[in-house]
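Engineer: Residue-level listing of the chains:
There are 2 protein chains.
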Amino acid sequence: MDLKDLLADIKNYLNKEVHLWGWIRNHRDQKTFGFIDFSDGTCQEHLQIVYDNNLANFNDITKLLVGCAIEVTGKIVESKGNQAYEMQASNIKLLGNCPEDYPIQPKRHTKEFLREQAYLRPRTNLFQAVFRIRSIAACAIHEYFQSHNYIYVNTPLLTTADCEGSDQMFKVTTLDFNNLPYDSEHKVDMKKDLFNKLTFITGTGQLHGEAFAMAFKKIYTFGPTFRTENSNTKTHANEFWMIEPEIAFCHLDGLMDIEEDMLKFVVNYCLLHCQKELEFCDKFVENGLIDKLTKLVNSKFTRITHHEVIDILKKAKVKWEFNPEYDGDIAKEHEKYITEYFNGPVFITNWPKDIKAWYMKLNDDDKTVAAVDLEVPGAGELMGGSEREDDYDKLIKRAKDLNVDVDTVDWFCNLRKYGGCFHSGFGMGFERLIIYLTGVDNIRDVIPFPRTPGNCDY
Amino acid sequence: MDLKDLLADIKNYLNKEVHLWGWIRNHRDQKTFGFIDFSDGTCQEHLQIVYDNNLANFNDITKLLVGCAIEVTGKIVESKGNQAYEMQASNIKLLGNCPEDYPIQPKRHTKEFLREQAYLRPRTNLFQAVFRIRSIAACAIHEYFQSHNYIYVNTPLLTTADCEGSDQMFKVTTLDFNNLPYDSEHKVDMKKDLFNKLTFITGTGQLHGEAFAMAFKKIYTFGPTFRTENSNTKTHANEFWMIEPEIAFCHLDGLMDIEEDMLKFVVNYCLLHCQKELEFCDKFVENGLIDKLTKLVNSKFTRITHHEVIDILKKAKVKWEFNPEYDGDIAKEHEKYITEYFNGPVFITNWPKDIKAWYMKLNDDDKTVAAVDLEVPGAGELMGGSEREDDYDKLIKRAKDLNVDVDTVDWFCNLRKYGGCFHSGFGMGFERLIIYLTGVDNIRDVIPFPRTPGNCDY
Numbered sequence: 001m002d003l004k005d006l007l008a009d010i011k012n013y014l015n016k017e018v019h020l021w022g023w024i025r026n027h028r029d030q031k032t033f034g035f036i037d038f039s040d041g042t043c044q045e046h047l048q049i050v051y052d053n054n055l056a057n058f059n060d061i062t063k064l065l066v067g068c069a070i071e072v073t074g075k076i077v078e079s080k081g082n083q084a085y086e087m088q089a090s091n092i093k094l095l096g097n098c099p100e101d102y103p104i105q106p107k108r109h110t111k112e113f114l115r116e117q118a119y120l121r122p123r124t125n126l127f128q129a130v131f132r133i134r135s136i137a138a139c140a141i142h143e144y145f146q147s148h149n150y151i152y153v154n155t156p157l158l159t160t161a162d163c164e165g166s167d168q169m170f171k172v173t174t175l176d177f178n179n180l181p182y183d184s185e186h187k188v189d190m191k192k193d194l195f196n197k198l199t200f201i202t203g204t205g206q207l208h209g210e211a212f213a214m215a216f217k218k219i220y221t222f223g224p225t226f227r228t229e230n231s232n233t234k235t236h237a238n239e240f241w242m243i244e245p246e247i248a249f250c251h252l253d254g255l256m257d258i259e260e261d262m263l264k265f266v267v268n269y270c271l272l273h274c275q276k277e278l279e280f281c282d283k284f285v286e287n288g289l290i291d292k293l294t295k296l297v298n299s300k301f302t303r304i305t306h307h308e309v310i311d312i313l314k315k316a317k318v319k320w321e322f323n324p325e326y327d328g329d330i331a332k333e334h335e336k337y338i339t340e341y342f343n344g345p346v347f348i349t350n351w352p353k354d355i356k357a358w359y360m361k362l363n364d365d366d367k368t369v370a371a372v373d374l375e376v377p378g379a380g381e382l383m384g385g386s387e388r389e390d391d392y393d394k395l396i397k398r399a400k401d402l403n404v405d406v407d408t409v410d411w412f413c414n415l416r417k418y419g420g421c422f423h424s425g426f427g428m429g430f431e432r433l434i435i436y437l438t439g440v441d442n443i444r445d446v447i448p449f450p451r452t453p454g455n456c457d458y
Numbered sequence: 001m002d003l004k005d006l007l008a009d010i011k012n013y014l015n016k017e018v019h020l021w022g023w024i025r026n027h028r029d030q031k032t033f034g035f036i037d038f039s040d041g042t043c044q045e046h047l048q049i050v051y052d053n054n055l056a057n058f059n060d061i062t063k064l065l066v067g068c069a070i071e072v073t074g075k076i077v078e079s080k081g082n083q084a085y086e087m088q089a090s091n092i093k094l095l096g097n098c099p100e101d102y103p104i105q106p107k108r109h110t111k112e113f114l115r116e117q118a119y120l121r122p123r124t125n126l127f128q129a130v131f132r133i134r135s136i137a138a139c140a141i142h143e144y145f146q147s148h149n150y151i152y153v154n155t156p157l158l159t160t161a162d163c164e165g166s167d168q169m170f171k172v173t174t175l176d177f178n179n180l181p182y183d184s185e186h187k188v189d190m191k192k193d194l195f196n197k198l199t200f201i202t203g204t205g206q207l208h209g210e211a212f213a214m215a216f217k218k219i220y221t222f223g224p225t226f227r228t229e230n231s232n233t234k235t236h237a238n239e240f241w242m243i244e245p246e247i248a249f250c251h252l253d254g255l256m257d258i259e260e261d262m263l264k265f266v267v268n269y270c271l272l273h274c275q276k277e278l279e280f281c282d283k284f285v286e287n288g289l290i291d292k293l294t295k296l297v298n299s300k301f302t303r304i305t306h307h308e309v310i311d312i313l314k315k316a317k318v319k320w321e322f323n324p325e326y327d328g329d330i331a332k333e334h335e336k337y338i339t340e341y342f343n344g345p346v347f348i349t350n351w352p353k354d355i356k357a358w359y360m361k362l363n364d365d366d367k368t369v370a371a372v373d374l375e376v377p378g379a380g381e382l383m384g385g386s387e388r389e390d391d392y393d394k395l396i397k398r399a400k401d402l403n404v405d406v407d408t409v410d411w412f413c414n415l416r417k418y419g420g421c422f423h424s425g426f427g428m429g430f431e432r433l434i435i436y437l438t439g440v441d442n443i444r445d446v447i448p449f450p451r452t453p454g455n456c457d458y
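Protein sequence lines correspond, in order, to chains L and S.
According to my numbering, the first sequence holds residues 1 to 458 in order.
According to my numbering, the second sequence holds residues 1 to 458 in order.
What the hints contain is simulated information worked out from the structure, not anything from laboratory work.
Among these hints, one or two may not hold up.
[As the list claims (entries may be wrong)] Computed cross-link-like contacts, DSS-like style, restricted to lysine-lysine with a CA-CA straight-line distance of at most 30 Å:
{"hint": "1", "chain 1": "L", "residue 1": "LYS417", "chain 2": "S", "residue 2": "LYS63"}
{"hint": "2", "chain 1": "L", "residue 1": "LYS292", "chain 2": "L", "residue 2": "LYS107"}
{"hint": "3", "chain 1": "L", "residue 1": "LYS171", "chain 2": "S", "residue 2": "LYS191"}
{"hint": "4", "chain 1": "L", "residue 1": "LYS397", "chain 2": "S", "residue 2": "LYS4"}
{"hint": "5", "chain 1": "L", "residue 1": "LYS197", "chain 2": "L", "residue 2": "LYS187"}
{"hint": "6", "chain 1": "L", "residue 1": "LYS171", "chain 2": "S", "residue 2": "LYS192"}
{"hint": "7", "chain 1": "L", "residue 1": "LYS400", "chain 2": "L", "residue 2": "LYS367"}
{"hint": "8", "chain 1": "S", "residue 1": "LYS197", "chain 2": "L", "residue 2": "LYS197"}
{"hint": "9", "chain 1": "L", "residue 1": "LYS93", "chain 2": "S", "residue 2": "LYS397"}
{"hint": "10", "chain 1": "L", "residue 1": "LYS234", "chain 2": "S", "residue 2": "LYS191"}
{"hint": "11", "chain 1": "L", "residue 1": "LYS31", "chain 2": "S", "residue 2": "LYS93"}
{"hint": "12", "chain 1": "S", "residue 1": "LYS4", "chain 2": "L", "residue 2": "LYS264"}
{"hint": "13", "chain 1": "S", "residue 1": "LYS417", "chain 2": "L", "residue 2": "LYS93"}
Using the sequences and the hints, build the whole thing.
Structural biologist: Structure follows, in C-alpha cells:
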C-alpha cells in the first residue's frame, strides 16, 4: 500500500500488519535492534521502522545503507519515540542496493550541489515538497477552470507565424546541419524542411486560444513554453510552463475578478492539500510562508492605474535606481514598493501602449492599452493580461505600427470579422506561482530538469 | 451566465429573466417574430430564442446573420416547439457582426473543408463535441492519477540525449540558418548554439519519468510530444499529446491492472460528463459509439502472450496480407482479428526483444521482453508499456547492442545503481484515446491545430 494512505488512516491500522515498498532515508542500528527512516515518496512524512534480532536476516539488515529500496512487512504500533506511530517489522527484504558513495546522504546539501544531481534530488525532503506542491497546484488549476466551464485547449507549439519576433523563438528543423540544401539564391532552402517553411516553437498559445474562446466562450491552455533569452537570472529559464486563459464577453474588470478568484482558489487548495509540504517549506525555506499564503487568500487585491502608480512612486521619499516615468515600464524596486505600500497584491491597469503587445485593446486616450499586471508581495509580477483589441482596423494598424508580419496571423485578425466580441485573457508563468507557493527563490529549483543557457543536461 | 449552468438547472429559471452572451448558430425570421438558434459554447446544447416586433430594434434583429455575437436578455418559458424550454427575448443587442460570406454556415460541411478553416471549425457541432470531450478526458486522466497518489511531472522537451535515434527528433536551434558558425573542421559549430550542443525536442518523457518514479513511487507525465515522421496517414501527426505513467515496485501484471482500471475510469467519466457530446457523435459519427464505450467499461480485458497470439493467427482460416511470425510484429489486420476473436480489449505480453525498446526488461528466455501492448476493438494499439530493465549490466548490454549512445543517458542507467527496484510504465497517445472516444477516425480532426508534413499553418 501507499504510505500516504496508511498515514491518512493510521488509527485504523493500529496493531494490524501492513506491507510497504520504499526507500531507506536514514538508518541507525544498535547491537540488537535498529531504526529505519522509511519513505515511499507518496507523502512528505516518513515512517519509522523498528526491527530487532528476532529477524532471521538481522545482520544483513543492519548493513543496509541509505538509499536502498526495500520491501517491509510489519505491525503498526504506538511509538515510544517522537512520532505517534511506528512499524514493528516482521520482514525486511532488500530490493535494490545503494552504494556508500550515493550522493544523497541524510544531511543538508546545497541547492547548487543538488542541481548537479538533478536526477537524484527529487529524493530529498526539499524537492519532495517542491514537486509535490507543483503537482497539486497543477491539479488545482485544472480543477478551478474545469469547474467554471472552461475548455482545456492544447494549442500547438510548432508554428510558422513569427508574430512574437522570431529572434525570441527557437527554430525547429529536420534538416542536417552539415548537409543543408540551398536554393538558387544561395540561401538555405526551407522548402526542403518537413513543413516546407521555416518553423519555430512558439512562446505563447494566446492567438490560438482566442480562436477557441470565440467558439467555447471560456478556455485555458496549460503547457510548456519556450524562450531563447540568453540570460542567467533566478527567474529565467528557456523552457517553462504557462497557463493562458482566454474569456469571451469579458472586459478588464471581469478579467481581474477571474485572476483574483483563481489565485485565491489555487493557494487555498494548496493550503488544504499540501499541509506537510508547506510546513516543511515554512520551516526550512521561507519563515512565515503559511502566514503569507493565508493572508493572500483573505486579502482584497488593490486595483490602480499605471498613471496612479507613477504618481505614488514619484511622491515616495526613495532614491530610485530607475526613475519612474509615465510612459515607461516599472522596475523590480517599484513593484516591491507598491505591493508594500498597499500591503497586498496590486492590479496595475492601463499601461502605456508603447511597452505592451500589439493585440492589446487601445484605450480611448490613444495612449494607453487595457492591460493589467498583477503584482504580488514577494513574487513580483505573477500574471499579465489584457482586454484584446476587438476592432479589426485598429488591430491591423497596431500590428503594422509594430512591424508584425500580418500575413502570418491573418486568421487571428479575421476573428474580429466573424462574430468577434470584447474578450480578455491573461498568462501566468507556472514556475513563478511555484516560487511563490514554496518560497524557493530560483526557477532552477522548481523545474524537474531546468534548461538554461548552456545547460541542457539530463 | 453560462448556458451550461442555465440548462443544468432550467426548471429553477422558469419565468425568470436571464442574461446571456453568445453566438447565432441559425436564424429564421417571420413577419412579426423570429427564432434564433443560440449557443455560447459552454455546452453542446443550444437555446431557442424567440423575439417579436414588440422589440424596439425588431427590424435590425431580423437582419442578424449566422455567426453574429449577441447579448440577450429574456424570460425562460416552456416552449411550444420541439424543445422543452426557450427564451422569450426582451432585449437583443449585436456585439459583433458577421458577414454573409462567413464560411461556417448551418449545413453539413466536409471535414476536409473544415480542416482548411481550422480557426473557425471549433464553432461547428462536431468540433464542439470533439474538443469538449478532449478537455473532459484530459480532466479525467488528471483526476484518476491524482486520486491514486501519482505525482504529475513536467518532464523537459528540450534534450541533448539522442537515445531514441536522433533522426526521429526535431533539432532545435537559435542559430541563423543563413549565417551559421563553423568550426575548424568546417562543421557547423554547435558550441555557439544556446545550449552549446546539438539539441532536440524529445519524443518521450519516460527516462525523466523513471528518475521521478524512483523518488515518488508513482508519477505521470501529460504533455506534447513530437515525431519527425514524414508520413501522411490518418493516425500520424508530428505534434501530439502523450500520457506516460511510471510506477515503482510494479511488475507487468500490476501495470496491466493499472492500464485497465485507468481506461475504464476515463471512459466512464466521459460517459457521465459528456453525455450530449457522445450522443451527438453516436448519431453523426459512429453509430453504436455509446454501446461500444459502455461495453468496454464492463468488460474484462484478455491477457495473452505474443506467442499465443501468433498461434491463434496461424491457425486462423484467413489469408493474411502479412504473415504472422513468432519473432515479428503484428499488423493492423492481426490486431483487428485478435480483438474480434476475444470480443474485447486484449493485452498482448512478452514480445520478441528485437522489435522492442532497449530499456524493456529481458525475460528469462533471453528472447522476449516483458512488454505489453493494449489492443482495443476499433482503435488498435491504445497503450504500450513494459516492465523496465532494472539490472544495470543487462541494461548497458542492451543499450550497446542497440547502438544507444550510453554517455548521454548515463544518469538514467545509474538509477539502477542507487536503490533501483522493479518498475513499469506505459505510454498512451492522447489523440488515439480521443479517436476512440469520439469515433472520429482522423487524428487531424481531434487536434485543435494539427501539424503534419507540409502543414504547419494557423
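Engineer: Against which earlier hints does the structure fall short, listed by number upward?
Structural biologist: Numbers 4 and 11, in rising order.
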